[in-house]
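Q: All chains, please: the whole structure from these sequences, using the hints.
Chains as they are written, first to last, in the working numbering: chain A, 1 to 423; chain B, 1 to 423; chain C, 1 to 423; chain D, 1 to 423.
The set of hints was computed from the structure by calculation and includes no laboratory data.
A couple of the hints might just be wrong.
Which copy is meant is left open, because identical chains are indistinguishable; a pair holds if it fits in one copy or across any two.
Restricting the straight-line Cα-Cα distance to at most 25 Å, the calculated cross-link-like pairs of lysine to aspartate or glutamate (DMTMM-like) are [said to hold, decoys possible]:
no.: 1; residue 1: K92; residue 2: E68
no.: 2; residue 1: K124; residue 2: E378
no.: 3; residue 1: K381; residue 2: E68
no.: 4; residue 1: K43; residue 2: D328
no.: 5; residue 1: K245; residue 2: E377
What you are looking at is a predicted structure, and each value in this text was computed from that prediction instead of being measured.
Protein chains: 4
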Amino acid sequence: MRRIIWFLFVGLSSSLSAFSQSGEWLFIDTSFGAATYARIELKFNGEEITGKFGALDVVGTMRGGRVELETRRVDGTVVTKRSGTVSGAEMKGEGTRDTLPLTWTARRIIDKPAVPRTHRFEPKEFQRYFSSTIPPVLTIFPSDSVESWSVDAGGTDAKGVRRSAGGNPLTGPFYVEGAVPGDTLAVRFTRIRLNRNTAFSGSRVTASALNSGYFAQQQNVQGFNSDWTLDVPAGVARLTKPTDKLKNYEVPLRPMLGCVGVAPQQELSLLAGYLGNFGGNMDFNQLVEGATVYLPVFQPGALLFVGDGHAAQGDGELTGNALETSMDWTFTVDVIRGLNIPNPRLENADYWMASGIANSLPEAVQAATTNLSRFLEEQYKLNANEIGIVLGTAIRYNIGELVDPLVHVVASIEKRSLSRIGK
Amino acid sequence: MRRIIWFLFVGLSSSLSAFSQSGEWLFIDTSFGAATYARIELKFNGEEITGKFGALDVVGTMRGGRVELETRRVDGTVVTKRSGTVSGAEMKGEGTRDTLPLTWTARRIIDKPAVPRTHRFEPKEFQRYFSSTIPPVLTIFPSDSVESWSVDAGGTDAKGVRRSAGGNPLTGPFYVEGAVPGDTLAVRFTRIRLNRNTAFSGSRVTASALNSGYFAQQQNVQGFNSDWTLDVPAGVARLTKPTDKLKNYEVPLRPMLGCVGVAPQQELSLLAGYLGNFGGNMDFNQLVEGATVYLPVFQPGALLFVGDGHAAQGDGELTGNALETSMDWTFTVDVIRGLNIPNPRLENADYWMASGIANSLPEAVQAATTNLSRFLEEQYKLNANEIGIVLGTAIRYNIGELVDPLVHVVASIEKRSLSRIGK
Amino acid sequence: MRRIIWFLFVGLSSSLSAFSQSGEWLFIDTSFGAATYARIELKFNGEEITGKFGALDVVGTMRGGRVELETRRVDGTVVTKRSGTVSGAEMKGEGTRDTLPLTWTARRIIDKPAVPRTHRFEPKEFQRYFSSTIPPVLTIFPSDSVESWSVDAGGTDAKGVRRSAGGNPLTGPFYVEGAVPGDTLAVRFTRIRLNRNTAFSGSRVTASALNSGYFAQQQNVQGFNSDWTLDVPAGVARLTKPTDKLKNYEVPLRPMLGCVGVAPQQELSLLAGYLGNFGGNMDFNQLVEGATVYLPVFQPGALLFVGDGHAAQGDGELTGNALETSMDWTFTVDVIRGLNIPNPRLENADYWMASGIANSLPEAVQAATTNLSRFLEEQYKLNANEIGIVLGTAIRYNIGELVDPLVHVVASIEKRSLSRIGK
Amino acid sequence: MRRIIWFLFVGLSSSLSAFSQSGEWLFIDTSFGAATYARIELKFNGEEITGKFGALDVVGTMRGGRVELETRRVDGTVVTKRSGTVSGAEMKGEGTRDTLPLTWTARRIIDKPAVPRTHRFEPKEFQRYFSSTIPPVLTIFPSDSVESWSVDAGGTDAKGVRRSAGGNPLTGPFYVEGAVPGDTLAVRFTRIRLNRNTAFSGSRVTASALNSGYFAQQQNVQGFNSDWTLDVPAGVARLTKPTDKLKNYEVPLRPMLGCVGVAPQQELSLLAGYLGNFGGNMDFNQLVEGATVYLPVFQPGALLFVGDGHAAQGDGELTGNALETSMDWTFTVDVIRGLNIPNPRLENADYWMASGIANSLPEAVQAATTNLSRFLEEQYKLNANEIGIVLGTAIRYNIGELVDPLVHVVASIEKRSLSRIGK
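A: Printed below as a string of structure tokens:
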């Protein structure tokens, strides 16, 4: 494991001046270079330790700085055995899972403060990868908010200053204390606002959205200018140097974030233009102020990245670049423990939306429909035929984007339709 | 050519009691069993005939019941030569196109009446194919309206009487005098209304819209009932025998027509469940009262078929059957001469919509985007980059259906956006 | 039903001078315009009729030219009831299936002659559709052979004479007495030979097989000549007027048939360029002399069409036209009763090949793999994991064609691999 | 840039005891955290430095440990300006590209030894990512060979000892001195041999290769055993515990490598199960002893990884795992300077093969055909129509695999066909 396992140390010194060993611990087992994670509730009672990990019992002892721990099935058979040392809020040692050897570390998860905080975060550098190998810039707790901003897709900030190489440079990552793989992170954007009056876009429809014969006969206009002026008071964008045909053309401003994602599985480093079950460069034009994004957690702390503001975007992000601009935003996070979603979901006042992010349009439609079906199964306990009745009558599809490394399709259902289904 | 060429004779006896030979003629050339069509304006002046066919000149003579006709390029070279007999509103004979032999017939196209008529049509039998080999049930003129009805997808009428075998039985075809291949037929539905209080639907999401692993684990509920009661006063549909979870579930009624199509090219006979550039079983939930459907014409008279009413339908028609029911409807037709569209288009008060009907989702998206691009090129003379700007900011995609032999995707743009583009 | 139901009358007068009413009968039920077919073995014993239709019993009586027939389930419940008249080898009348009314006709299937015959057939006209609405040109029996020829894809014969409009004009259809829907037709090509020394091809790779960016930048060479000279003694084709680069370029001759198909379901008429589960324009370069093609039967008599000879073809038929030429061929037919295959199959000395003909490459691969899996299930009774072991180690895929209305992929397995599997 | 830039230091101390500053230098420019690379031939003549970088001229001076360098276009305009220090074989400093600031480092590329060497390499640890962030295990020169081995896909070696976590653990990476982005690495496998007599495989055909309806009805056999015994003398594999049906089933041994890849672009870390234009987990059953693999170079030194031996594999690797086993292998590398290929290529005695690695089958076929078209363009200077003639008659497609994150299709052409094309 090449990366620094920061999630063991983050914030501990300041926050744990007083703590109880009893409570939730984050365990990291490493076997042949691959890590697995668990959040385990432990109770320290004299020398005795007890706890629960899913259906497994945890039993152990702590004596003179040494700790012994086992997880056991209901029938008493042992799954993991760990021996090691304990020092305050930290433990580490060696052990076995079934017959395989492992090394392990653990630390006490810091309890969430009584009152949520709002963090004002000024980014200094920007990330060009979604990856668990990047140290977090800030540790926050469930219910906390972060108020910050992002550069545009090319790396330029609100004042027009170049701050990063291009490719959707990201603000973050933010470490959400207590989140572990198997949870879902909820990120509610209470504010997404423009912070400058310029944007840039592409001006050719991507080849993948046109018949190749038609694409081949299209003529590019040399020197065509696709810079935009954002008239925030009027609520519209206009081409800065329009052609005659487009001199009155206006686009309603609808600020959104193209990139909201957590660190993907294991030690993957994916470009900031990439997307997947971890979210990322989703480029979906409903990710506007007021929306909540739900993302599956793959790493301790989730590691949230945010960037790629668009002043407005049509379906599919057909020209590769929407109206790219820097953005101010504020979000509030929460962790839904034990909710395992196959792909991101979104929610706004009127709709529940389920993403399908996949290699191709047919697979993205399948993934989105499956994600929404699982939502109905999970939240309403509907059977296959009830799901058929509801989706057959009420599903709506949106095409998020067609131009990134994977395709993004969204299947939605109105909350009004859901309101008439028995729970 | 196996079919009866009814478009030569339809309505002639009654309508042509008095007519002038000068005017538009429908020509049908047949060469090695394949037919081609042309609408040619001819002027009879004594023995001399003159006319225009696109960029070609038509010159000829008529003497004692014999006719000789040539089409020539601007440089005087001859394209077709025809000799034959003429008798009132009809001509026929033999000839050549370049060096290939052909036989030909022609008849005077009947001039459109001064005042449009509304035809009340009572269907007696129903068609199970889109095909030019089916004789028309009624001849109408541009601007005429037809008021009629269709059975449901299974062949049952408003009174619950079985009238046809299943598979989307169709009302029609209607022959629109004057339409020829290369034109576009505009069909405006001024009325689409429910005529009974029952419908039926499927209750399982099609395998093609779900991950195969998820589909494989779904359990079908034996005996699940998916009959619907249509509460027209309340404007909603409810399951007739709902499960407990769905006992309050309601679907807003939004009557639409699944099938609107013309006869496809040549002598193809395609099942009424098929769709393509000729329209057909498009299953698009915006084809409601007030919408105008534009269809390319492949046969003289266009030969319009209508059927497959749905009381309501989600995107994609995921369960294979929407809320299938019989339907009353009225449409007005028009012919847009010389407008050649690659795939159907629709228009309502707020949107222009361009269909992409193709083998797969990626190809359907390409076809829809190309269709909308061509619309902007054709109606607004936009260049490739201007099209990029407009579609990149204003396109919306809908998935019509995913369950028929081809996939239907629709690319739309708001008329409000178009209103700010220079013509 | 618009078509003439020739399969009731074909060949009867000559062949049935002496016959027994006991034996196989072809039944055609028509209900609301849709036909269904059955081959039923009947035994006439005085006034009593008995028989079997699948798991159903047939019982009835014949008295004074009147016939009454019922099919019944094992539990005695009645499925169909028929009353009518009988006259020699024909019967007809009315009846019901469950509660639905039907009309029916039946005729005695002519018994296969003791000795197979070889028919020499000289085509006079050529078909441009695969369709059951085209009357057969010849009736043959299982084990019979037909020796005939086909024009090239453009309609030109061995002597260079234009005989038909283009679009893969077909020879046939041939009616195979006794074949009914649910059977499989086996067509073994014992001879596929060139009959002239010229061919033509395309010279541009289809857009659908190239990245659209690459396709858009390719420049077409005006006036490029893609006519071929077939040097049969040398076994190669050469460009007739090659460019300098290709002046020594040779293609090994490997004569094949692009089109082998039966009439598709119901009254569909599909262009001769179309393909599907009925075979058709399959354009697979292993359909050479010595191959046997297996096709599912959708119509009484199967109605076999043959055409579209290629002197040679690369995988995918990338230029739309292979080396198109007229062809001499001989085939022997057989009917495999009750074998229901989902898509065509082929066999040669070394391989079993299972076609997947579908809308897109992913679907065609799925269809081909499923077809080969079903073959292993059906012929070797393998379970899902045994199929996995065999296909995981021994499957080979070929891309038949990428340029026709549907895509054709073939999954193959060597007979050598199969020889080591227990039956 | 988080990674250690080892390619600056690798092997320098030992190999550069004596060297000339004149010669090839590797330059690394870093701007806003993103690196670009160049190999530049420099000539040191007193205080004067001159050189060439593509079409650009390099001019500069070296005085007292300080260096100034500019690259200029033919018209004299300056592209980059660099100032810094020089110390033996290393330089570094700051500068600008157009107006953007950059930092730079450079080192003298070590000249290739006169006589190629064969390195025997014993891997100690195994990589689970394709990434430039992993330090190389060995530096080699063009024409050198490496003799080594890899564990099986699960991490087990020739002696059955578990050596790594699973997921195709890789041997390497090997740094090839002198290779820079824009080159092609040629890796010729002179030896690929089994080193143990066991393998394991999957036993279910992947859902993506079957119709979902068929997949859903397949029943998995609990406890089915898919371990294999490799009988190297007999040249076949047999199931270790076969079912009755498969007790004589044999698979011819054909040892291949599933994973051969270089480090992908930038600082991406992709799982060892991933593939792309960098090669990787290509799972193509023609990558056997005797084959040469061509890979585009994205990083200085290319950074070659090798692993995932298969004793045999059907097309598509349908069960997800082929016959997975550890493997001994030897390769010889070469660098083709300035050859820029869009996707990997392979060569054996009879064929040239061009990979298409893409999101879906249609895109993979497009990429493969484009790759082979570019090969013909590049090596034979064929125009679009000549390419059409050659591919239309001689292309063959193989499906490499269908089960990994991207699809792999290969387009091939026989060398025999190529031998008759003018160069």
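Q: Hint by hint, note whether the structure agrees.
A: Against the structure, the hints:
1. Taking the closest pair of Cα atoms, K92 and E68 come within 25 Å of each other only inside a single copy of the chain (10 Å); across copies the shortest separation is 53 Å, beyond that limit.
2. For a Cα distance limit of 25 Å, the shortest separation of K124 from E378 qualifies neither inside one copy, at 41 Å, nor across copies, at 46 Å.
3. Proximity of K381 and E68 under a CA criterion of 25 Å is satisfied in neither setting, with 41 Å inside one chain copy and 54 Å between copies.
4. In the homo-oligomer, the alpha carbons of K43 and D328 never lie at most 25 Å apart, since the shortest distance is 43 Å inside one protomer and 51 Å across protomers.
5. For a Cα distance limit of 25 Å, the shortest separation of K245 from E377 across copies, 12 Å, qualifies, whereas the shortest one inside one copy, 50 Å, does not.
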